Amino acid sequence: MTTPDIRAAHAQAQSARTEAAKGRPALVDGWIIAAAIAVIAAYVRAIWFTPAEATQGLAQKIYYLHLPAALNAYLAFGVVFVTSIVYLWLRDERADRVAESSAEVGLLFTTVVLTTGPIWGKPIWGTWWTWDARLTLTLFLWFIYAGYVVLRGAIPEPAQRARYSAVLGILGALLIPFIHMSVYLFRTLHPMPIVLKPDRPSLPPEMLHTLLFSFLAFVLVYFALVRARYRLSIERARAAELEAALEGGR
Amino acid sequence: MAQTAGYFHAAYIVAGVLYVLYTASLVVRRRRVLERLDELQRGAER
Amino acid sequence: MSDPTFRDTTLTGATPRESESPVLPGLLAATWLIASKDLAIEFRTRTAFFSALVFALLGLTIFFFAWDPTAVAAIDLAPGVLWVIFTFSGLLGLQRSFGVEQADRAMDALLAAPVEREAIYLGKAVANFLFVVGVQVIAIPAVALFYNVPLGSIWLSLTGIAVLAALGIVAVGTLFSAMAVNTRLAELLLPMLSLPFFVPVVMAAAQTTSRLLAGRPEAEAWPWLRILLGFDLVFVVACAIAFPYTLDE
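Protein chains in written order, with our numbering: chain A, 618 to 867; chain B, 335 to 380; chain C, 28 to 276.
Treat the hints as calculated values from the structure; they're not laboratory data.
Note that the structure is a prediction, hence the values are computed from the model and not measured.
All C-beta atoms, glycine included, are put in the ideal place defined by N, C-alpha and C.
Please note that a few of the clues may not be correct.
[What the hints assert, rightly or not] Some chain A residues near chain B, calculated using beta-carbon distances under 10 Å:
| hint | residue |
| --- | --- |
| 1 | L675 |
| 2 | R751 |
| 3 | L752 |
| 4 | T753 |
| 5 | A845 |
| 6 | R853 |
| 7 | R855 |
[Claimed, not checked] To give an idea of the interface, some chain B residues facing chain A are shown, with a C-beta separation under 8 Å as derived from the structure:
| hint | residue |
| --- | --- |
| 8 | T338 |
| 9 | Y341 |
| 10 | Y346 |
| 11 | V361 |
| 12 | L371 |
Extracted from the complex, chain A is given alone in its bound form (with noise of 0.2 Å):
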């Protein structure tokens, strides 16, 4: 081909790619926008309208990423858990569209709580990890998490995938409590070396607000991110069954 048929081959190309465009959906919809100024509103009454705390300093506003992000996780788990049973009784695809949608932002959620839970420590604990309860349950959490995601991404056929991702969803949450209780055992019985350890301070309102709002924000990037991660579901199913309907075809 000569230069002046690759360019016309490619402007044709072009062209029909965007008339293609036209007729699809937009790609972010309005959840994810709102859920996105929710953030950065939260981030900004954060870093600019709330004091810093005496002691810890400017390190322990961490804590308003760090803790919305571990109550969202823990709230992702409830929702695959729920839906894992709502699956094996019903048998209702859209339980499993919930349960793997949850399952990845809650992965998500759990990967933020497990950086900025030891980014947070050592300023004010003076160490990067301590395997203290909370975050070493998280980091359980996010084992069953990612071997969810594993599992999942391991088998095709979808009725066997949901069933299987359904048994784990069950099965981890009743591991979760023996994790506690082994946690909690173990370090009743195992000082944990802690260089600095502040007192718990009492969080005056105007913390405790910025708290509130920056967990209301996101939870709202929980529901949007769920929401389009579902939709995303749907139209994989859609367009696996559509190859296969065109192989069949063959």
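Starting from the known structure of chain A, arrange chains B and C on it as the hints suggest.
Positioned in the frame of chain A, the structure of chains B and C alone reads:
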């Protein structure tokens, strides 16, 4: 206290990056699936 | 399967059996039948047991040479090494548990037989349990020998701990083996899914062994044993109930 500012910035940036990356991955994956759907639908029409 | 002559035989939805025998003896008989089938297969070839055993002994050896005896006393190290090796050698046996049913679609034959689905799970779990305990019978004395720790002085308690710990990992591992074998990443998924569940078991076993070895009063070990007992109870029941959901029926 000034020393802890670095950690504070790091945490906010790391968390922000994680959220943005995940959302971006959702958008990219969705676009790929939608393109695939278009292809398949055109293939079915022929 | 839409074959009308194919009967659904589970504990909750069992069709009436011709023999009119009560459910429990039927369940136990079927369990033992499946367990002995698996053990017979293993006994004839012996490869899995031998491999798990060699792996355990090798692991003990590697840990020994990775250890600085001037920094850590044997009595502090040995319990941890014992129970970690127990976990990983157990995984080898668990991998094989449903792996044997892949050849010649043996699983379908097993499912077509008139046995309760829970019996398949329990039978395999019993076989795995004996496998794991079998490895321990040799590995525990090996630890005492290699690390020069007086495990013999607590042999009775240690037997109890070994039984409870084996029960725990086998309960969960058998179920995950059934699931993993039907996926693309079987060898990766079994450890990845099982190990988080093994943690409370290993913790309880190691902490208890450590305390008993150090001559602490047994009352100190009791909270850990309670967790282990609770774990065994919850997960044997939960995994037996969950097992039929992993079958493609």
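Do the hints match the structure? See the list:
1. L675: holds, 4 Å
2. R751: Violated - the Cβ of R751/A stays beyond 10 Å from chain B, reaching only about 16 Å at its closest.
3. L752: violated, 14 Å
4. T753: Since chain B brings no Cβ nearer than about 20 Å to T753/A, farther than 10 Å, the hint is violated.
5. A845: holds, 5 Å
6. R853: holds, 5 Å
7. R855: holds, 6 Å
8. T338: It holds, given that the least Cβ distance between T338/B and chain A is near 4 Å, below 8 Å.
9. Y341: Where the cut-off is 8 Å and the nearest Cβ of chain A is about 5 Å from Y341/B, the hint holds.
10. Y346: This hint holds: Y346/B lies near chain A, its Cβ roughly 7 Å from the closest one there, short of 8 Å.
11. V361: holds, 5 Å
12. L371: holds, 5 Å
This entry does not satisfy hints 2, 3, 4, going by the numbered hints stated previously.
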